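Undergrad: Listed here are the chains, written in short residue letters.
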Amino acid sequence: MAVLVVAEHDNSTLKDATHKLVTAARAMSGDVDVLVAGAKSGDVAAAAAKIAGVRKVLHADAASLDKQLAEPMEALIVPLMAQYDAALFPATTTGKNAAPRVAAKLDVMQLSGVIAVESADTFVRPIYAGNALITVKDEQSKKVLTVQATAFKPAGEGGAAPIESIAVPGGPFKSTFVREELAKSDRPELTAAKRVVSGGRALGSAEEFHRVLDPLADKLGAAVGASRAAVDAGYAPNDYQVGQTGKVVAPELYVAIGISGAIQHLAGMKDSKVIVAINKDEDAPIFQIADIGLVADYKVAVPELMAELTKAGI
Amino acid sequence: MKVLVPIKRVLDYNLKVRVKPDGSGVDLSNLKMSINPFCEIAVEEAVRMKEGGGGHAKDAATEVVAVSIGPEQAQETIRNALAIGADRGILVKAEGEVEPLAVAKLLKAVVDAEKPSLVILGKQAIDDDSNQVGQMLAALLDWPQATFASKIVLHDGKASVTREVDGGLQTIDVELPAIVTTDLRLNEPRYASLPNIMKAKKKPIDVKTPADFGVDVSPRLRVIKTVEPPKRQGGAKVKTAAELVGKLKEAGIF
Ligand SMILES: Cc1cc2nc3c(=O)[nH]c(=O)nc-3n(C[C@H](O)[C@H](O)[C@H](O)COP(=O)(O)OP(=O)(O)OC[C@H]3O[C@@H](n4cnc5c(N)ncnc54)[C@H](O)[C@@H]3O)c2cc1C
Ligand SMILES: Nc1ncnc2c1ncn2[C@@H]1O[C@H](COP(=O)(O)O)[C@@H](O)[C@H]1O
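Line by line, the protein sequences give chains A and B. 0 is the number of the first residue of the first sequence in numbering that gives the first Met the number 0; add one for each residue after it. 0 is the number of the first residue of the second sequence in numbering that gives the first Met the number 0; add one for each residue after it.
Chain A extracted, bound-state conformation (with noise of 0.2 Å):
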């Protein structure tokens, strides 16, 4: 059996999500290829083609690709997988813009979020915001499947795969990219941070929550989130939101503020190793699944914390 895994990158850095797809495609099979799919993206290529375990990259790079957008990314990968058994996309925005199209086209049903690879036909992933777990076994002759990053450890340095250039579908497409605002920071990327601090409704304005949240994480060297309460208020972007239908993140150290701990919410950080509360309402649900819980106004605690931390040497 042959995967395929498409490579989650800016066209300039390829990401750790690749790494870990990695995993998961070998837990399947032996034979594993990178698609690098991208524009101007020749550092991304080389860069997967050193991911340990993999056997070849194919490179398709033409303007069209820049965005990877849905349509050309379909275009692309459908007549690539008369040569795969599986495709697996990250569970990103866009390997759950394209995926599913690829399976449409394919007949195939998708398997949507999978955490883990029982065999190379059985996976297990989560429904009802991560309340139950289905083992699901997919016996079709071609598999698609997004696949949870943050649940596979990634595949080391060390390969030297080979990079197969190959040909990009010319389109006409009828979706053309117009703009985007990307959030620039210096911070780690929220999904591969080893520490993350998120803020919710309790911050009240999006000044005090950058006032509150921005040097803890500068001190912590964490990622910054919210809840959705958080971002819908405008105290913070949309690509902060962690949750349900945000995104999923499995740090070493996860510290909520003023989060009441929603089933949503909790869809999306439940897996860090070490959840930290502070949280008025000793009641706030939050606290039933935080290792260290603190009763405490955040007004109060934080600026503790920050003199505690300093006090320790961090």
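Derived by calculation from the structure, the hints in this document are not laboratory data. Misleading hints may appear alongside valid ones.
These stretches of chain B come out as covered by chain A in the derived footprint (C-beta under 8 Å, 3 or more residues) [what the hints assert, rightly or not]:
hint: 1; region: 146 to 152
hint: 2; region: 195 to 205
hint: 3; region: 214 to 223
hint: 4; region: 238 to 244
Just so it is clear, the structure is predicted and the values come from calculations on it, not from any experiment. Glycine is no exception: its CB is placed at the ideal position from the N, C-alpha and C atoms.
Start from chain A and add chain B with the ligands according to the hints.
TA: The following block gives chain B with the ligands in isolation, referenced to the frame of chain A:
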């Protein structure tokens, strides 16, 4: 312009499912079912296209048709959509879980019959958490798609759609007819007023079956086990920030 809005009846988002002790599935008996929240946002957007509002000109949409695939009780879900302002409904009656691919095939058949210019779906059903149907429908129709929409601007036979992506926001233009799927920030659905709930009772709902469309809905995947996720041992509390830092050290964070 006709707008089609596929809606799913799901467990109410406030409720937590229970896994059946024998691992055969989740227990939904006697639990409140509601319209999938993302579908409600889709209906609201379509109705705004008709009424004007939310940046849309009045009569941008001329007719809003809500369609659901599900059991007889999905009629109630369609009535929700009619109370928000959809004009009529279509129920494709199917018992049990219908997989996204089969849903997409049924919706394609409905699109072929209804010929809408725009189909607005939710990005995700909060029960199966698949996030597939809109994209699959787009592929089956060979239409362009704009998923995870937080803003839709209709102009010159196109939709300019702002999408919530992992890195921030992205705007793309799609030629109509097109598929759009909704994200949370697209709009805030209204509460249906009592008079509108009454009016909705008189709006027509057409009832069909998968056989009417010649679509095979038998499942492709086999669920062999359903379990609860491992429980976390949470609940421990500290009294001070100093203690908190101590615990973090114990846990090996520093
Ligand atoms: C379809 C759908 C999808 C959703 N997806 C997501 C998702 O992906 N992610 C997500 O997060 N949510 C999601 N939600 C929303 C979710 O249900 C909750 O509404 C949301 O998580 C609540 O955010 P919050 O905890 O910040 O706000 P609240 O629930 O209002 O909690 C605020 C908390 O702050 C505490 N507090 C107040 N003041 C202070 C203070 N001074 N100091 C300390 N604590 C204080 C309060 O005690 C309270 O516990 C979704 C909902 C729906 C319907
Ligand atoms: N049974 C169904 N009937 C009608 N629409 C559906 C059904 N299932 C899914 N959809 C639509 O597809 C969207 C995404 O669902 P899913 O891909 O299952 O997560 C939903 O928000 C609905 O708009």
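Undergrad: Hint by hint, say whether it matches the structure.
TA: Cross-check of the supplied hints:
1. A count of 3 residues in the region 146 to 152 of chain B with a Cβ less than 8 Å from any Cβ of chain A is obtained; the coverage claim is therefore met, three being the minimum.
2. With 0 residues having a beta carbon nearer than 8 Å to a beta carbon of chain A, the region 195 to 205 of chain B misses the requirement of three or more and the stated coverage is violated.
3. A stretch counts as covered by a chain when three or more of its residues have a beta carbon under 8 Å from one of that chain; for the region 214 to 223 of chain B and chain A the count is 6, and the coverage holds.
4. With 6 residues bearing a CB less than 8 Å from a CB of chain A, the region 238 to 244 of chain B meets the requirement of three and the coverage assertion stands.
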